[in-house]
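Chains A and B supply the protein sequences, listed in that same order.
Residue numbering for the first sequence is 1 to 142, as defined by the numbering used here.
Residue numbering for the second sequence is 1001 to 1399, as defined by the numbering used here.
Since the hints were derived computationally from the structure, they do not count as laboratory data.
Being a predicted model, the structure only gives us computed values, none of them experimental.
Careful: at least some of the hints might be erroneous.
Have a look at the derived ranges for each label pair, beta carbon to beta carbon [claimed, not checked]:
{"#": "1", "chain 1": "A", "residue 1": "Pro-87", "chain 2": "B", "residue 2": "Gly-1208", "range": "48 to 54 angstroms"}
{"#": "2", "chain 1": "A", "residue 1": "Gln-86", "chain 2": "B", "residue 2": "Glu-1166", "range": "57 to 63 angstroms"}
{"#": "3", "chain 1": "A", "residue 1": "Ser-48", "chain 2": "B", "residue 2": "Lys-1248", "range": "25 to 31 angstroms"}
{"#": "4", "chain 1": "A", "residue 1": "Gln-86", "chain 2": "B", "residue 2": "Asp-1188", "range": "27 to 33 angstroms"}
{"#": "5", "chain 1": "B", "residue 1": "Lys-1248", "chain 2": "A", "residue 2": "Glu-22", "range": "27 to 33 angstroms"}
{"#": "6", "chain 1": "A", "residue 1": "Gln-84", "chain 2": "B", "residue 2": "Lys-1248", "range": "53 to 59 angstroms"}
{"#": "7", "chain 1": "A", "residue 1": "Pro-72", "chain 2": "B", "residue 2": "Met-1196", "range": "18 to 24 angstroms"}
{"#": "8", "chain 1": "A", "residue 1": "Pro-87", "chain 2": "B", "residue 2": "Cys-1251", "range": "42 to 48 angstroms"}
{"#": "9", "chain 1": "A", "residue 1": "Pro-72", "chain 2": "B", "residue 2": "Gln-1264", "range": "36 to 42 angstroms"}
For lysine-lysine, the following DSS-like pairs were computed, each having C-alpha atoms within a straight-line distance of at most 30 angstroms [what the hints assert, rightly or not]:
{"#": "10", "chain 1": "A", "residue 1": "Lys-132", "chain 2": "B", "residue 2": "Lys-1318"}
{"#": "11", "chain 1": "A", "residue 1": "Lys-132", "chain 2": "B", "residue 2": "Lys-1197"}
{"#": "12", "chain 1": "A", "residue 1": "Lys-70", "chain 2": "A", "residue 2": "Lys-132"}
{"#": "13", "chain 1": "A", "residue 1": "Lys-70", "chain 2": "B", "residue 2": "Lys-1318"}
All residues carry an ideal CB built from backbone N, CA and C; glycine is no exception.
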Amino acid sequence: MTSRQLAILLIEDNEDDVYFMELALSRAHLEPPIHIADNGQDALDYLSGAGKYADRNVHPLPQCIFLDLKLPFIDGFEILEWIQGQPALRNIPVIILTSSPEEADRQRARQLGARAYPVKPPTPEMLLDALKASPGCLPESR
Amino acid sequence: MPTLNKTTKTARKPSERRVAEDARLRLAAVVESSDDAIITKTLEGIITSWNKAAETMYGYTVAEAVGKPVTILIPVDRLNEEPAIIERLKKGEKIDHYETVRQRKNGTLIDISLTVSPIKNANGKIIGASKIARDITDRKRTERELKEARDQLASANAELERRVAERTASLERVIAQLEEFSYSVSHDLRAPVRAMKGYAQVVLEKYGEQLHSDGRELMNRVVRAGGRMEKLVHDVLTYSRIARSDLKLECVSIDKLVSDIIHQYPEMQHADISVRPPFYPVLAHEPSLVQAISNLLANGVKFVAPGTSPKLLVWSEKSSAHVRVWIKDNGIGIKPEYQNRLFRIFERLHQNKSYDGTGIGLAIVRKAVEKMGGQVGVTSDGINGSTFWIDLIAAPEPK
């Protein structure tokens, strides 16, 4: 593969927010393959290649992760912490996409290694800014 | 005044024996009339004299007491006190106000304070001891009652503190639940509103041309209502966040803060806002102060008569302990009779639909300023604009 295509893992339980995310990506002229994990456990399974996600040809590791904070079972901060503890995953940029404008959440996310913190609803500009802040996500930044 | 004359001069002097006898009688009378029990004993501990107060205190008559060992007065569990007292007496020591317990003839106990002094003969040899005992039963009872009262008070205090701690813990639980609730409001209530507004916008953008103009207007109304709901939830959250947080005050320079707000907030861009230095540094929580000042400025920019372009002036004044920041506008003003309601949450003092607002902005200002130990107010005649002020704690002068 000469040009690696941007693949995104979107960890989001609200299907409306999934729709607006896909809409904003398409308006930013980015139409990457997106895997959607609608709960924390599914996200961990995908990232660790467990069970039905064992085949990396079908379920490749993403170049970028968009992560909602409030999720059923395992919340966004727990996922973020878990990712930072995995040597094979900790270099994948994580962008928090949340409806919480709380400064405390923003700071905690930054401390846990999040690259950007756009607040919903996402706009094409917000997504491009967040991706620019995340090395390896946009072809121009390589 | 007695005068000396020849008669007294020639009177017969009383014999020395008589003088000594008088002194002895006086002394005996003093001992006899004392309220304290005064007894003497030999170094072997045999009672040799016994006054009236001793009779009253211990219940033994003179005849019953004299010649008996002093241990008849000592409870069994204190019998070892006597040898120790005798030992000290033999060394010539005096025992002062020794508090102990003695036993009456009828077996009841009595609290006493004891003073024991050695008695010496003409050659200076210690031959016995005098014991003065004062009944301190009342004092001891008072002390015991006082101690009991203190103990009761202490236990009542402990009980009170336990209850306060319990209620504090339960309040903290309630606050934690409210915080959880606020968070849920921010996430769960906003999500559907955001979705409705977003879908309506998508319909307008993708299918707007296919809609009748009435249909487009209705979709626009959905978008606007969604926007208002978002703003409302946002403002309620800001208010509750400031209300529940513990603001840490630091030295803040208002200069930069005001100019940042003017240059960064989009709604300030079409207004003419002048600032008149100097601005004195204050003790404040910067994010909350930004919130308060930006809300006041936005208020001044928003509430202008149609066709008037907003013009604001910001300056500050310093008194000994406070800095007052003034914000004067050329807006529609607030009639004096409404001014006391202005800073309450959800108060909107205008019906004009052209002034969009949630009625929370000024309540946020007041909550933030009060949390920083300050005050907020307004002066206006209801015609010629308003002048809002906030008082903040002045930062200490640099040394």
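> Regarding Pro-87/A and Cys-1251/B, is the given constraint of 42 to 48 angstroms on their beta-carbon distance met?
Replying inline: holds, 44 angstroms
>> So if I understand the rule, the pair passes when the alpha-carbon distance is 30 angstroms or less; does Lys-132/A with Lys-1197/B pass?
In response: Given that 30 angstroms is the threshold and the Cα spacing comes to 28 angstroms, the pair holds.
> Lying within 18 to 24 angstroms: is that true of the beta-carbon distance Pro-72/A to Met-1196/B?
Replying inline: holds, 22 angstroms
> Range hint 57 to 63 angstroms: satisfied by the CB atoms of Gln-86/A and Glu-1166/B?
Replying inline: Violated, since Gln-86/A and Glu-1166/B (Cβ atoms, about 44 angstroms apart) do not stay within the stated range.
> Does the hinted range 27 to 33 angstroms hold for Lys-1248/B and Glu-22/A at CB?
Replying inline: violated, 42 angstroms
> Is the straight-line distance between the alpha-carbon of Lys-132/A and that of Lys-1318/B 30 angstroms or less?
Replying inline: Violated. Lys-132/A to Lys-1318/B sits at ~46 angstroms, over the 30 angstroms cutoff.
> Going straight from one Cα to the other, do Lys-70/A and Lys-1318/B come out at no more than 30 angstroms?
Replying inline: violated, 46 angstroms
> Between Gln-86/A and Asp-1188/B, is the Cβ distance one that fits in 27 to 33 angstroms?
Replying inline: holds, 30 angstroms
>> 48 to 54 angstroms was suggested as the range; check whether the CB atoms of Pro-87/A and Gly-1208/B agree with it.
In response: Roughly 50 angstroms apart at Cβ, these two residues keep to the hinted range, so it holds.
> If you check the beta carbons of Pro-72/A and Gln-1264/B, does the distance land in 36 to 42 angstroms?
Replying inline: Given a distance of about 37 angstroms, which is inside 36 to 42 angstroms, the answer is holds.
> Do Gln-84/A and Lys-1248/B keep their Cβ atoms within the hinted range of 53 to 59 angstroms?
Replying inline: Taking Cβ atoms as reference, Gln-84/A and Lys-1248/B lie about 29 angstroms apart, which means the hint is violated.
> Is it true that the C-beta distance of Ser-48/A to Lys-1248/B lies inside 25 to 31 angstroms, as the hint says?
Replying inline: Once the Cβ atoms are compared, 41 angstroms apart, the range 25 to 31 angstroms for Lys-1248/B and Ser-48/A is violated.
The structure does not agree with the numbered hints 2, 3, 5, 6, 10, 13 stated previously, though it agrees with the rest.
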